[in-house]
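All chains, please: the whole structure from these sequences, using the hints.
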Amino acid sequence: MTALLDQTPAARTAAAGGRPPRGRGRRIALPYLLLLPAVLLELLVHLVPMLVGLVMSFRKLTQFYIRNWSAAPHAGLDNYRVVLDFDSAVGRSLLHSFWVTIAFTAASVGTAWLFGTAAAVLMQRHFRGRGLLRAFFLVPYALPMYAAVITWAFMLQRDTGMVNALLGRDGPDAPFWLIGGNSFWSLVVVSVWRTWPFAFLIIMAGLQNVPRDLYEAAALDGAGWWRQFREVTQPLLRPVNQVLLLVLFLWTFNDFNTPYVLFGESAPREASLISIHIYQSSFVTWNFGLGSAMSVLLLLFLLLVTAGYLAVTSRRRHAHA
Amino acid sequence: MREPRWVGWARRLVLGFLMLFTALPLYAMVTSALKPLGDVQGDWHWIPTTVTLRPFADIWTTIPLGRYFLNSLIVSGAATALSVTIAIFAAYAISRFRFPGRRVFAVTVLSTQMFPGILFLLPLFLIFVNLGNATGVALYGSRLGLVLTYLTFSLPFAIWMLAGYLDSIPRELDEAALVDGNGPLGALLRVVVPAARPGIVAVAIYAFMTAWGEVLFASVMTDSGTRTLAVGLQEYSTEVQVYWNQVMAASLIVSVPVVAGFLLLQRFLVAGLTAGAVK
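Chains B and L, in that order, are what the protein sequence lines are. Residue 1 is where the first sequence starts when you use the UniProt record's numbering, and the numbers rise one by one after that. Residue 1 is where the second sequence starts when you use the UniProt record's numbering, and the numbers rise one by one after that.
Hints were generated in silico from the structure; no laboratory data involved. Errors might be hidden in some of the hints.
As the list claims (entries may be wrong) - Footprint (simulated), chain L over chain B, 3 or more residues, beta carbon under 8 Å: (1) 38-47; (2) 109-122; (3) 133-140; (4) 244-256; (5) 281-292.
What the hints assert, rightly or not - Beyond 10 Å from chain B on every Cβ pair, some chain L residues (computed): (6) Ala23; (7) Thr50; (8) Gly136; (9) Arg190.
These numbers come from a predicted model, not from an experiment. Note that beta-carbon positions come from the ideal geometry of N, C-alpha and C, so glycine has one too.
In structure tokens form, the structure reads like this:
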């Protein structure tokens, strides 16, 4: 994701360093001064809270200590012990939400990526109304997320919603979509609806960088449409897909907004994603120590997955190069 | 690229399906906003029995939509203005200067985007409460706290997109300004910023969209006086008795400005958002 910085031309170095020195000290300090506000705010809102969260996870931090959290008694590893004890109710429900989140992420990212790829590849060739259709496909991405999810919540109402009308299910045996086992699938569908346009956008941009003459050369060699897709389009999209899948994974795995707006404060058990679970165990029971321990474990898990993913994909990329 | 006939059929089928999938909620939102209450309380109506604009008027009294609207406008507007300003300075540093720590800065700032919001939510909540106690500046429950939080959400992408945009502005422009006797800051404000106006507008829209749609932090950091649209509408829509036609009207009202802005500036935004992934 930092490719932008690698492509800095050498000219830039020359221009910045090669100017006649005029107040050398000021010149060296200037870029740091320009970055200072951004750094301070990132520190305040992201990095410091992360450290505070780490400290909190070792404290017995209940609602009595909210106004003075440094007075909360030390708990050592107790919070982690409770959270990771899969025989207790707390541990078992955390493990449950972890698996729900894995299943949700796999289903949502897989489908969103498939939709995005299919649409981008099939819209590679010019046809009438293509620009209009592209703009239309981006509307879910531009829509304020809560407005979209609230609309889905209305559509998924059992007795008054569009979905049951569309499926021809009404009367006493009509299915519920926002409670019970179906709620998981509702969540997947809504999530795919919101994220596939982003996959489409990125893949479409990636396809624009595929040189046309590669296809012409492949066609001259007698490669049909499918082989061109497999042997020209797919390999050239690999670096794009590598970043895209990671970003989609992280967004979907961490998704809080979709289930929160769809179900409200208490998500059904079948659709209790890990973010919602941590939120509930922190703000409903007001036990911040446990919530922080869960957050830290979540962060560790995401870091491990990301590092592993980057190691594997970049090795594969080198092997192909 | 010559293509076999099945590809043409696959195109119609797949794009047709995706069009329908995309359209259904939009259709539900628009038509339901025009329905009388009776139409949304019984079986689903594909077409309103009578078309009415009443929901657009009634929602303002059913919930304090005006106050939510004002809160959202203030918070998103302030966050956008600050985020864009700070991003311009940071992007200028990254685009025009070589200095130790430049890469570390960019990697750190971008990677904060990847962490789950829930991770900072609890500590940030505590920090805001305690900072408020210590200094008397109310961050928790106030718009200021939300503004600070939201502006950092859009900041990484804003810096990234703007740095890319500034890279495309010829350095000769700033050089000329420097020769004319401006300092680097003068060059930035008098020459670079005007030349980067399209990029700045795109970043502003992105920052506004980010703040306008945020739910998680708003649900914890606001009280009844500072509730934003996102939380206000979310709360109402999960109540037991909901006037869905009014909720759909409100959803439409809050969506139209952002969607219009996005579609108008589609080209800039898309270029900026995708640059990093593609390069």
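**Asked** Okay, which hints does this one fail, numbers in order?
**Response** 6
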